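Asker: Given the coordinates of chain F, assemble chains U and Y onto it according to the supplied hints.
Below are the chains, spelled out letter by letter.
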Amino acid sequence: MRFHFKTSYDHDIRLFPDWWKFSLYATLVLVMLALPWIFQGVFGGRTAGFYLGEMTNVLIWAVAGLGLMLLTGTTGQVSLGHSAFMALGCFLCVNFLDAGMPFLLAFVLAGIVTGLVGAVIAVPALKLHGVYLSIFTLALAILADDLVVILEHWTGGVNGRMAPDFTLFGASMNRWANPQGWYFLALGTAIAVTLLYRNLLRSPLGRAFAAVRDSEISAQAMGIDVARTKTLAFGLSCAFAGLGGALMGFFAGAFNNETFNFLISIQLLMMIIIGGLGFIHGAFLGAAVIAFLPQALSMATDFMGSASIPGLEVGVFGAILIAFILFEPMGLYGRWLKLRVWLELFPFARRDMFRRQKSYLKTERLR
Amino acid sequence: MSLLALENVTLKFGGVTAVNNLSFSVNEGEVFALVGPNGAGKSTVFNMISRFYRPVRGSITFDGQDLLTKKANEVASLGIARTFQNIELFERATVLQNLLVGRHRHRKTMLIEEMLFIGRARAEERAHRLAVEEVIDFLDLQAYRDKMIAGLPYGVRKVVELARALATKPRMLLLDEPASGLSVEETQDMRWWIEDIRRQMGITVLMVEHDMGLVGKVCDRVLALADGAKLAEGTPAEVQSHPAVIEAYLGTSAISKTANAKGERV
Amino acid sequence: MEVLQLLLSGLANGCVYGLVALGFVLIYKATEAVNFAQGDFMMLGAYVMIGLVNPQFMGMNFWLAVPVALLIMAALGYLLDLTVLRHMFGQSQTAVVILTIALGFVIRFAAGLIWGHEPQSLHSPLRLGDVRLGGVVLSLADIAVIVVTLLMTLALWQFFQRTKPGLAMQAASQNQMAAYYMGIPVKRVQGAVWALAGVVACVAGILYASKGTVDISSGFIGIKAFAAAVIGGFGSLPGALMGGLIVGVIEPFAARYLPAGYSQIAPYALLIIVLVFRPHGLFAQVRTKKV
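Chains as they are written, first to last, in our numbering: chain F, 7 to 373; chain U, 421 to 686; chain Y, 41 to 331.
In short, the hints are calculated from the structure, not lab data.
Take these hints with a grain of salt, some might be off.
[Stated by the list, open to error] Within a straight-line C-alpha distance of at most 20 angstroms, the following computed EDC-like cross-link-like pairs (lysine to aspartate or glutamate) qualify: (1) U:Lys-589 / U:Asp-560; (2) U:Lys-567 / U:Glu-511; (3) F:Lys-344 / U:Asp-566; (4) U:Lys-567 / F:Asp-220.
[To be verified] Listed next, with one range per pair, are the computed distances between beta-carbon atoms: (5) U:Leu-550 / F:Gln-46: 49 to 55 angstroms; (6) U:Arg-512 / F:Trp-182: 42 to 48 angstroms; (7) F:Gln-46 / Y:Lys-227: 55 to 61 angstroms; (8) U:Ala-657 / Y:Lys-227: 49 to 55 angstroms; (9) Y:Val-316 / F:Pro-108: 23 to 29 angstroms; (10) Y:Val-316 / F:Phe-333: 37 to 43 angstroms; (11) Y:Ser-161 / F:Gln-46: 51 to 57 angstroms.
The model shown is predicted, which means the values in this text are computed figures rather than measured ones.
Don't be surprised by glycine CBs; every beta carbon is placed ideally from N, CA and C.
One chain only, chain F, in its complex shape (with noise of 0.2 angstroms):
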């Protein structure tokens, strides 16, 4: 167990305690950097570009998870309606790119542009409730995946869009031609969202999401305005599900409506689930478990001799999120907390120490 000495407030404001921190994380920055090389000489060749991809993927949902996460975890509103706004992102990062606008320009606008959108369309979704926003927001994304056939002029209807090539700092971006360049633009992008989020966490709009997320009574004595500080929770989760959308649909090539069907919006909720709702690392580490689990499932299938089995993924994964609500409802950085504890602890650690309080449910309904 380590002992914080602090000795100025900036202790308490950094984003790492301890120099140990500090280096673990840069470790794990400079492997994620050198990854490409660590594949090229562990695989070699095509194999290489193969995981080099998976781990883009990987990336690619963690950045729409954290946006879903800095909502749903940080916030404390469940929305299921997230692909719609993936979906806006992708589409409006391809008709930049139309317009001639440099791919990084077009990227971030296609960003912002999605949050001001979410930002305009919470304002009438914030004053629902639980349950009611989840629908509110589940209609969305049926719409959304509706519209996407209707706006057939930005949209290409139900054949959707090619991904243009695009070139980033002088280099062309072609998911099989490119790999690295692929990986590095995922890896910079969710770098980027993780340090924006991390910096929200430290100041006061970020802990005043969290205020209204553990109550809102209290946090409007404290002077917080409820609603604006939601409309500005959902506008930032839209603008990064945008960013992560964008960079989606452009890594699978093609896209359409069925590329951001609401059953991703459930996913990836449930993604952020199983990694641990209200930590930065859950959205990674649900990302992996998302990414990685088709290819464990095929491998499992391919070892068990049977033939591959329809909607297995989907079971599989239902049955996972269950098993984490029963037994792990914070997912599996808490797990991964309580081990750490227990670990630091030993071996005095006992059982009973991370019991949860039995809790009777009340409700305040009328009728």
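Answerer: Frame of chain F, contents of chains U and Y only:
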């Protein structure tokens, strides 16, 4: 001079009149208590001042400004902070983070600054922390600083709520039953804190409290309520011996027996 | 005449939505949980019936199979509560919502594994005839749907309004601890509610499968039913039926009069409009938190 003034305030829930034509005023720098049996409308008065409820008639002014034109979240920025009867802390955050939320009304930074953590963000953050640490020192919360609220005992939560209200640097503090559920020692601490809050920080205190021992020791003036209407107003001793107050608490027949009694508790 | 025809077929469809919505509201009223898997329950009920009746499976007599299917679904509902939902006791609504969504995924997977992924239709005697009233044609199945739904809504409504177990269920949801103290066996009551929801889903499933074909994604009509329940105002049984009928009637009219592509968004657009202007549904119950 009077800091907070309620005039002819009436509030109805459906057919029930929760507060009936109530007027009172709290002077700057005094400790004022609302007492009365359960359901008398004490917390309702608080909730009207916090702008969670809107009275059907009457006016509420704070420092000359009409409170009824403000939104619930603007009340805090006028300098009114409050605690709640059934503690409303941010459960999934540490004590420190809870107190920092109290600083929200002093937020000057913009979204972009905060996200990039550039410019004023760091300096502002230091200032917030400085202010919060002062409150932590004042209320002896150092031991719980980085603890999650969810695991804290009731007595400590009560203090944290008081601390969070103080972190807003209010001019006026509304305390909803600050001593309920506290042990004798904790109540004693609460009493000293309330006295210090008034003396050292110059904060006006309006509180709802059942413990007449505490009320008698810290309050300058007391207002007794029953069924949403004023029964008596005056010093703690005056109110405690007021026949209407005794009647409201003990029933009519008790008046003769207790008319001369001067117990600590009514 | 065309309008009447559209109206009637819409009503028949709406009744199925209404039945599924009834299941939502039932569970919501009694356990304060929202069961997003109710549509998949219905799909499962339909498949259980197909498994019992259709010649390639067990080939039972239709009328004999109905009570068996109902019983199976009741048992399934109870078991689900026993094994999964009871562990969620006292947890937030949101957790239950996500759990039931996941449950729907698993049910869909299981159904695909057992009954295959091709659309199937139930060998139902309700398929046999049409009834002509003036210029309007109604299938026997449509009439059965309307009649059964009305009866079912009435029965459930009376159950919650008048009978002791019904009131106990409501009490159990609104304050679990107080209900305990009053001697209501809260957990057993919840088990009973889930069994009842299974039965309602099975009825809906049988009627749905009698009208057309079923496949494993039929459960997605649960989303429309959910829209119906919200439009009607969650927590009101007649409201749920009304919501179902509104959604059911809007669909054929939108398909007839709106340009292609716009028609399927009509129910969701309506849902969004209702939520924006009447956040608690058309038959609202307002709630505020007390401090």
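Asker: So which of the earlier hints does this model not fit?
Answerer: The structure conflicts with hint 9 only, although it agrees with all the remaining ones.
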